[in-house]
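Trainee: The residues making up each chain are set out below.
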Amino acid sequence: MLGFILKRLGLAVLVALTVSALAFILLRLSGDVAVAIAGEGAQQADIDLIRETYSLNRPIIIQYLDWLWRTLQGDFGTSIYFKTDVAALVFSKLPATLILGLSSLVFALAISIPLGVLAAVYANSWIDRLALAIAVVGQALPNFFFALCLVMLFSITLRWLPVSGSQSWQHYVMPTIALGYYAAPAFMRLIRAGMIEVLSADYIRTARAKGVAPRKVVFTHALRNALVPVVALTAVQLGFLLGGSVVIETIFALDGLGYLAYQSITYKDFPVMQMVVMLLSAVYVLLTLAADIANAWLDPRIRVS
Amino acid sequence: MTLIAKACALMKACALMLASTALVATASSPALAQKAANTVRFAYDQAPENVDPFFNNVRIGVIIGANVWDTLIYRDPETNEYKGQLAKSWKQIDDKTIEFDLREGVKFHNGEEFDADDVVYTLNFIAKPENKVVTQGNVNWVEKAEKLDKYKVRVTTKEVFPAAIEYLAGPVVIHPNAYYEKVGPKGQNEKPVGSGPYKVTNYVPGKSITLEANKDYFKDSPKKPGKIGKIEIRFIPDRQTQMAEALSGGVDLIMHVPKDQADQLKAVPTLQVVSGETMRIVFMQINSLENTPAPALKDERVRKAINHAIDREAMVKNIVGEGSRVLNTICFPSQFGCTDEGAARYPYDPAKAKALLAEAGVKDLTLDIVAYRERNQTEALIGYLQQVGIKTNLRFLQYAAMREVISSNKANLTHQTWGSFSVNDVSANTPNYFAFRTEDITKDATVRDLLNKGNNSVAPDIRKAAYQEALKIIADKAYAVPLYSLPVYYVASKDLGFKAYPDEMVRFWEMGWK
Numbered sequence: 110m111l112g113f114i115l116k117r118l119g120l121a122v123l124v125a126l127t128v129s130a131l132a133f134i135l136l137r138l139s140g141d142v143a144v145a146i147a148g149e150g151a152q153q154a155d156i157d158l159i160r161e162t163y164s165l166n167r168p169i170i171i172q173y174l175d176w177l178w179r180t181l182q183g184d185f186g187t188s189i190y191f192k193t194d195v196a197a198l199v200f201s202k203l204p205a206t207l208i209l210g211l212s213s214l215v216f217a218l219a220i221s222i223p224l225g226v227l228a229a230v231y232a233n234s235w236i237d238r239l240a241l242a243i244a245v246v247g248q249a250l251p252n253f254f255f256a257l258c259l260v261m262l263f264s265i266t267l268r269w270l271p272v273s274g275s276q277s278w279q280h281y282v283m284p285t286i287a288l289g290y291y292a293a294p295a296f297m298r299l300i301r302a303g304m305i306e307v308l309s310a311d312y313i314r315t316a317r318a319k320g321v322a323p324r325k326v327v328f329t330h331a332l333r334n335a336l337v338p339v340v341a342l343t344a345v346q347l348g349f350l351l352g353g354s355v356v357i358e359t360i361f362a363l364d365g366l367g368y369l370a371y372q373s374i375t376y377k378d379f380p381v382m383q384m385v386v387m388l389l390s391a392v393y394v395l396l397t398l399a400a401d402i403a404n405a406w407l408d409p410r411i412r413v414s
Numbered sequence: 007m008t009l010i011a012k013a014c015a016l017m018k019a020c021a022l023m024l025a026s027t028a029l030v031a032t033a034s035s036p037a038l039a040q041k042a043a044n045t046v047r048f049a050y051d052q053a054p055e056n057v058d059p060f061f062n063n064v065r066i067g068v069i070i071g072a073n074v075w076d077t078l079i080y081r082d083p084e085t086n087e088y089k090g091q092l093a094k095s096w097k098q099i100d101d102k103t104i105e106f107d108l109r110e111g112v113k114f115h116n117g118e119e120f121d122a123d124d125v126v127y128t129l130n131f132i133a134k135p136e137n138k139v140v141t142q143g144n145v146n147w148v149e150k151a152e153k154l155d156k157y158k159v160r161v162t163t164k165e166v167f168p169a170a171i172e173y174l175a176g177p178v179v180i181h182p183n184a185y186y187e188k189v190g191p192k193g194q195n196e197k198p199v200g201s202g203p204y205k206v207t208n209y210v211p212g213k214s215i216t217l218e219a220n221k222d223y224f225k226d227s228p229k230k231p232g233k234i235g236k237i238e239i240r241f242i243p244d245r246q247t248q249m250a251e252a253l254s255g256g257v258d259l260i261m262h263v264p265k266d267q268a269d270q271l272k273a274v275p276t277l278q279v280v281s282g283e284t285m286r287i288v289f290m291q292i293n294s295l296e297n298t299p300a301p302a303l304k305d306e307r308v309r310k311a312i313n314h315a316i317d318r319e320a321m322v323k324n325i326v327g328e329g330s331r332v333l334n335t336i337c338f339p340s341q342f343g344c345t346d347e348g349a350a351r352y353p354y355d356p357a358k359a360k361a362l363l364a365e366a367g368v369k370d371l372t373l374d375i376v377a378y379r380e381r382n383q384t385e386a387l388i389g390y391l392q393q394v395g396i397k398t399n400l401r402f403l404q405y406a407a408m409r410e411v412i413s414s415n416k417a418n419l420t421h422q423t424w425g426s427f428s429v430n431d432v433s434a435n436t437p438n439y440f441a442f443r444t445e446d447i448t449k450d451a452t453v454r455d456l457l458n459k460g461n462n463s464v465a466p467d468i469r470k471a472a473y474q475e476a477l478k479i480i481a482d483k484a485y486a487v488p489l490y491s492l493p494v495y496y497v498a499s500k501d502l503g504f505k506a507y508p509d510e511m512v513r514f515w516e517m518g519w520k
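Protein chains in written order, with this note's numbering: chain P, 110 to 414; chain H, 7 to 520.
These aren't lab readings, by the way, just hints derived from the structure by calculation. Glycine included, each C-beta is placed from N, C-alpha and C at the ideal position. Take the hints with a grain of salt, since some may be wrong.
Unchecked claim - Derived contacts from chain P toward chain H, CB cut-off under 7 Å, selection only:
(1) M110
(2) G140
(3) D141
(4) D155
(5) G186
(6) Y190
(7) K192
(8) D194
(9) A196
(10) W269
(11) V272
(12) Q276
(13) H280
(14) I360
(15) A403
(16) N404
What the hints assert, rightly or not - Some, not all, of what chain H presents toward chain P, calculated at C-beta under 7 Å:
(17) N208
(18) E238
(19) P243
(20) G256
(21) M290
(22) G389
(23) Q392
(24) G395
(25) R401
(26) A406
(27) R409
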């Protein structure tokens, strides 16, 4: 087991390194960073000064190694745009994103578990088809469009919720629904498939034969087993939700990591972008690793293969 | 990035739907303007990197700068007349020296008294390149400032610099010396202190900034003390969100609203839509360098054909919108030295354009056009060129990338805009593209020398004559295609009284409730 974990950790470090190098190089390939920082209308003197200030005139590989060396020492640098410490800036935005990510996950589970169970219990009936339709809409509708529909309904027509900002819990309602609804279909399909399989298992038939109440069969006997693969998916989906919040946070001007990522891309603030990308990929890698370890612990066959 | 760009494009498509739904909704809802709280809530799509005006180069930074800080001189936006602000009066001692008599009894927001030390400290600070002021072009003309007595200062420019007064009336604000020396640009960003009509009471970088009226603001200032008690500025990147905020009464003022959306919002009873001309000019550059990648452009007839091919009047009327006007030379008409007198004009005449192309022996001409904003306008330009037989490939790029394409001589045609940093002088405009700087893809030595002559004299007549001659050559030889000025659409709560100016400045101190 230890060997397995170590191997996986090594792989995680490799993934993180690759991501950091890719982010570093791609950002610099998207145009002259000095020109971007100097802004529209800057004169050559401005651009030269910036190029010198940020050592942008050195070879890209040297810049990357320099960045990596400082990062390994825990120095994430200073934001080019906001002129503040990158780590402090990023961590100050983390809570809003975590709240959004977790609440969307809870929302996604809250709608996908009952829908998935209903679809499985009434497989191939109109209830199943309705649940499937809800899932298809969730997956097919771009989440920014859905977000705008929510704004139209709750902010403009009904005037119940504020459009944007992050001052109160009300500000999180629409972003949570928009992001959570997008993540729900994957859960729903998994639960439906799992439930259908479990419901036809021998022990369920036995339970039914023994006269256990149908509700108890579904929720106590079947659901518990159908939820096992959902745990693994949850880890991956949480990572996805944290990364996928860029568009939603930008639309709702929610002061989180996604919004910061958008700003850092717009302003070519590469130290910030590097750290956001690194942090999100690290979270993703760690969550996947945790899921792998959990699976390996649950199922010894994975360890051997 | 592309994902976000795609998302933004799709969102734009949804915006009209949003607006039309809102029309029905808001018709019956009461206005939620913050009239009772005497607070104006303003949303802007970009956050300033730093609140200190010397360390940002964005419009919102300029807006905050003018409301929180004062300058030595004030340019009246109605008459373009210079008035004393922190300076009572000034006089030009020689070509490179100006002397200022300062106002007494002015206080900064932290109570520090204003005097010559503040001016001397600020100007000498920004003049040093090692202090890394972001917009070097706004400050690198300052040689030094000296204190003559407590309320008298002498400023020396490095070269003869006629636009000095204009810069001292714009981007060059005055900081409190004791405070600035203590906290530096970093502290000035975290807790900004100026002497302007509004003071900063709360600032969360990237999120919001709150201003409150400065009750001790000096009565003689041409800016006047603010009537609105509080200004809340929030940074909302998405335009559709801004629009939804305006519709739901969440904000009282937004600007830079696209024309199609502004047109829709005109029908909302709780809102007013104001369109104002700006100093931002729109033009096309034509690469006529000796080694241009499109040699046909070296022929004056081809360049003239391009000029005749475009119906600028129709573009202004149908695409650009109210507040825009057609231009005949590469500058904004209110700028000192800007004129189209004597310059060749190219009315819309596709037949003439075709004839000129035929005369030049050009057939099947295909050109690349690089652009970075107002894509619908670029597409209209492409359509007009197509009609006279010029095919164009659009290369729509980020500003930084476009600039690189131009400076590395890979551009054939460009579709660009330029706002001159709101500096009301030709020296901030035309020389960027015709005085052999990075983006000059014409390189006519006569034009360059004339522009430099205008830039390096303090005699108004000499300057005017030089600029006029340069602008005439540019037009006569059809080196570029001047198009029109860009308007800015503001959408505001119906109760808010405000005015739009060509310098795109939001003057909170002038606002009031109706």
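Trainee: Indicate, hint by hint, whether the structure satisfies it.
Mentor: Hints, one by one, checked against the model:
1. M110: violated (39 Å)
2. G140: Check passed: Cβ of G140(P) comes within 4 Å of chain H, closer than 7 Å.
3. D141: holds (5 Å)
4. D155: Result: holds, 5 Å to nearest chain H Cβ.
5. G186: With a closest approach of 15 Å, the G186(P) hint is violated.
6. Y190: holds (4 Å)
7. K192: This hint holds: K192(P) lies near chain H, its Cβ roughly 6 Å from the closest one there, short of 7 Å.
8. D194: Because about 11 Å separates D194(P) from the closest Cβ in chain H, which is outside the 7 Å limit, the hint is violated.
9. A196: Hint violated; A196(P) Cβ to chain H Cβ min 15 Å, cut 7 Å.
10. W269: Given a least distance of 10 Å, the restraint on W269(P) is violated.
11. V272: Result: holds, 5 Å to nearest chain H Cβ.
12. Q276: violated (9 Å)
13. H280: violated (11 Å)
14. I360: holds (5 Å)
15. A403: Hint on A403(P): violated, closest Cβ of chain H at ~31 Å, above 7 Å.
16. N404: violated (30 Å)
17. N208: Hint violated; N208(H) Cβ to chain P Cβ min 12 Å, cut 7 Å.
18. E238: Hint violated; E238(H) Cβ to chain P Cβ min 11 Å, cut 7 Å.
19. P243: holds (5 Å)
20. G256: holds (5 Å)
21. M290: violated (17 Å)
22. G389: Status violated, d = 26 Å.
23. Q392: Since the shortest Cβ distance to chain P is 29 Å, the answer is violated.
24. G395: Violated. Min distance 33 Å.
25. R401: It is violated, given that the least Cβ distance between R401(H) and chain P is near 13 Å, above 7 Å.
26. A406: holds (4 Å)
27. R409: Because about 5 Å separates R409(H) from the closest Cβ in chain P, which is inside the 7 Å limit, the hint holds.
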